Structure formats: C-alpha cells, structure tokens
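My numbering puts the sequence shown at residues 108 to 502.
Heads up, some of the hints might be wrong.
To be verified - Ranges of calculated distance between the beta carbons of each label pair, as one might list FRET restraints: (1) 452 <-> 381: 29 to 39 Å; (2) 434 <-> 358: 26 to 36 Å; (3) 202 <-> 182: 12 to 22 Å; (4) 481 <-> 361: 34 to 44 Å; (5) 267 <-> 483: 49 to 59 Å; (6) 419 <-> 465: 20 to 30 Å; (7) 269 <-> 236: 43 to 53 Å; (8) 288 <-> 423: 51 to 61 Å; (9) 480 <-> 455: 19 to 29 Å; (10) 164 <-> 296: 43 to 53 Å.
Read the hints as simulated data drawn from the structure, not as lab findings. Bear in mind that the values here come from a model prediction, so they are computed numbers and not experimental data. Built from N, CA and C at the ideal position, the CB exists for glycine as well.
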Amino acid sequence: MTESGHLPDRLLPTLASSLLRASADLPRQLADSIKHNVPEYRPPSPVTDQELHESCVAHIEFVSALGLHDAERDERTRTIGGMRARAGLPLPAMLDAIRVGSEFIWSAILEYARSSEAAGDAELVAVAGQVWRMNDAFVRLMSEGYHHEEQLRIIDGQRERFALIDTVLSGRDQPNVSLWQAIDRIGIPRDRPFVVVAVDTQGAARLSTPRIDQLLLEEHMESAWLLRADVELGIVSCFHEQVRFVRSALEHYQVRAGISPVTDDFSHMPQAVRLARTSLAAAARGQVNSFSDSAIDTVAAGAPDVASELSMIVLHPVLDLPEVERDVMLDTAQTWFDTGGSVAKTARVMFVHPNTVRNRLRRLEALTLRSLSNPRQAAEIYLAVVTLAQHRLNR
Numbered sequence: 108m109t110e111s112g113h114l115p116d117r118l119l120p121t122l123a124s125s126l127l128r129a130s131a132d133l134p135r136q137l138a139d140s141i142k143h144n145v146p147e148y149r150p151p152s153p154v155t156d157q158e159l160h161e162s163c164v165a166h167i168e169f170v171s172a173l174g175l176h177d178a179e180r181d182e183r184t185r186t187i188g189g190m191r192a193r194a195g196l197p198l199p200a201m202l203d204a205i206r207v208g209s210e211f212i213w214s215a216i217l218e219y220a221r222s223s224e225a226a227g228d229a230e231l232v233a234v235a236g237q238v239w240r241m242n243d244a245f246v247r248l249m250s251e252g253y254h255h256e257e258q259l260r261i262i263d264g265q266r267e268r269f270a271l272i273d274t275v276l277s278g279r280d281q282p283n284v285s286l287w288q289a290i291d292r293i294g295i296p297r298d299r300p301f302v303v304v305a306v307d308t309q310g311a312a313r314l315s316t317p318r319i320d321q322l323l324l325e326e327h328m329e330s331a332w333l334l335r336a337d338v339e340l341g342i343v344s345c346f347h348e349q350v351r352f353v354r355s356a357l358e359h360y361q362v363r364a365g366i367s368p369v370t371d372d373f374s375h376m377p378q379a380v381r382l383a384r385t386s387l388a389a390a391a392r393g394q395v396n397s398f399s400d401s402a403i404d405t406v407a408a409g410a411p412d413v414a415s416e417l418s419m420i421v422l423h424p425v426l427d428l429p430e431v432e433r434d435v436m437l438d439t440a441q442t443w444f445d446t447g448g449s450v451a452k453t454a455r456v457m458f459v460h461p462n463t464v465r466n467r468l469r470r471l472e473a474l475t476l477r478s479l480s481n482p483r484q485a486a487e488i489y490l491a492v493v494t495l496a497q498h499r500l501n502r
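Turn these sequences into a full structure, and let the hints guide you.
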C-alpha cells in the first residue's frame, strides 16, 4: 500500500481516470499535439479529425487499462492500425504519432499527480514503467493491424496485377479494362517490341524463376509474369539484340523454357503465347529454346498429332524391340544427331567404341528402311526421334 492509499498496480488507472474527469478534452489536446509534431497528420491528411480523435481516446483508455485482458479493446486497436494502412498513412508516421501520444499522456499524468499530490515521486517512477510497457503493447497491436492490412493490400494488388497480365496475354479488351490500359498498368512499354516466354513448371504450379524480373530490369528490360497450373508465362520488353540476355537470365535458373519471336503487335499476343509454348515443347530438359533455334524440332512441337503419327510410321519396328534395346538405339540416334552426325563424338558421349555406334545406326537403318546418308530419309528419322523425345518429356 502506498502513502496515497492506492495499490501500486491500480495507481496508473486511478490517476488516468482522475485526469480524464479533471480534463475532459484530453483526447482533443492529444490530437492537437500529434498534428503539431507529426506533419502527416496535418491537412490534407489521409486521417480525418474524427478518426484521430477516436484513436486518441483509444490510446488513453489502453494506457489506463494497465494490461487488463480485453480482447475487444485489443481488436479495436488492431483495427485502428489497419485503418491507417488502408488510408495510406506511412508506418513511420503512425509510430511517430504513438510516440508523441505516449509522451503526452505521461506528461499529463505526471503534471496532474504532482499538482494534485495524488502520488509521490517514488510512486511515479513505478507508474512511468507501467506507461511505457502499455505503450509497447499499444505499438505492437497497432503494428499488427497495420501489417495485416498491408498484407491484404499486397495480395489484392497481386490479384489485380495477375488479372491485368492475363488481359494482356489474351490480346483483347476486357469489360472493365482495355488492352492498352492493362499494358500501361503492368508497366510494359507500348513503343517497344517484346517476346513471350513460357517456362516449364514441371507440374508443380510454383515459380521456376523467382525475381527474374529484377535480373531483366538490370538489363533495362521490363517484364510481367503470370503463373498458371502448367506453365509460367512472361512478357518481356526487348529488342532483337536483347533476346540473348533473356535467354541468359532463364539459363541462370536451369529451367526448360521457350521464347517466342520478337514482335511489336500486342493484338497478336495469343499467337506469341502459342509460339512460346511451341518453343517450350521443342526444348530438351534444362534447355532454353527460341522459336527459330531448330525448324524441325519446332515443327514437331507445333503439330504434335501429325508428328506423332509420322513417328509411329517411321519407328514402329524400333518401338517393338525390348525396352532396353529400344532405348539404347533411340539414345544413340539422338546423340548422333546432336553431335552433328559424328560417330566419334557419339562414342565419346556414350562411353562406347565407335564400332558400337556404327552397328547401332546400321541396325536403325535396317529396321526403318531408311538411310542416314540420304538427307530426306535422315530428316524423317530425325523428326521421328525428336517427336518421340518431346512426347515423353511433355506428357
């Protein structure tokens, strides 16, 4: 028990209640102090006078409660913090206002206690600690509300951006936004050409290229990205000579990806998306493939049904072999084509004798009734082998 007759833990609430009775306009004085000391609260402020008054009342009541559990009060405090975020008030300004408010409340309590002799200096030392503990709790709850609202705003912003990117990828106006408005809002320059990028997500529906937009921006290329269930699509603003930087950025992630030809016609965006997807379908595992990299591979990927029928016609005797023998023969053919038709290089890559490669290729020719030395027949075998590999990779 203190000399003034109050238990230490009840002294702060008692002083605050007495102070409010003696000075009914304390919340208004607190609001004036905040406006004087924090520029963001002066007109034109995103926080109205009524909102500021209500938060001042809440601050005084919170300090007066001295940690007594009150779920409704805590939620009201979080709500005020969320309102500040929603209004667009910077977080540092909100924290400055709380600091000014805490100093004001403590000064008012100190002045009242001394003038009314309601508490001695020793008691006020204990009260000071209580005031600042309550201030810390008030800051925490206000900040929680602010950050929660910020997260919701970020999520809403992401949803809106994804919808805008989807509009641009569709190449046409939508009921609530035109194509050109969507292009402007996602930050893609209208007056520069672009490519569309398709990145394999391996069915995981998660980003394969996190922060690639920052890598591209370092090379002065704006981009916008959209994750779909089966693919990550990107619109990259770039000139022809910058495509190599796009390829390099994608290779940094060791992903399988396709790049469309460069174009400057946003109304042809669906075609660019289709060509990027075709380039992706033609890419080997871990390869970044531009549409023009391999005409045969791209044709096979662009017309998979026709190419698959051709593959079955050309390779059906090979496909009837036992699995191990079949796979060895197809791998040998693929490697031989990849090495430019070099038996020696194929042997080195596959760790076999060159004669083993020759024997496998001769067997392939015998089974398919086609000669690898005949350009047209070799092209048929190549198309069939590539189509089969793409089918296995894309299924």
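Results of checking the hints against the structure:
1. Hint check: residue 452 to residue 381, Cβ distance near 35 Å, so the stated range 29 to 39 Å holds.
2. The given range of 26 to 36 Å is respected by residue 434 and residue 358, whose C-beta atoms sit roughly 28 Å from each other.
3. Distance hint check for residue 202 and residue 182: the Cβ-Cβ separation is about 20 Å, which falls inside the suggested range of 12 to 22 Å.
4. For residue 481 and residue 361, the hinted distance range of 34 to 44 Å is satisfied, since their beta carbons lie about 37 Å from each other.
5. Between residue 267 and residue 483 the beta carbons are some 54 Å apart, a value that agrees with the proposed interval 49 to 59 Å.
6. Between residue 419 and residue 465 the beta carbon distance is about 26 Å. The supplied range of 20 to 30 Å therefore holds.
7. Checked against the given bound of 43 to 53 Å, the beta carbons of residue 269 and residue 236, roughly 49 Å apart, stay inside it.
8. At about 54 Å, the beta-carbon gap between residue 288 and residue 423 stays in the expected band of 51 to 61 Å.
9. Between residue 480 and residue 455 the Cβ separation comes to about 22 Å, which falls inside the hinted range of 19 to 29 Å.
10. One distance hint, 43 to 53 Å for the beta-carbon pair residue 164 and residue 296, holds here, with the actual separation near 50 Å.
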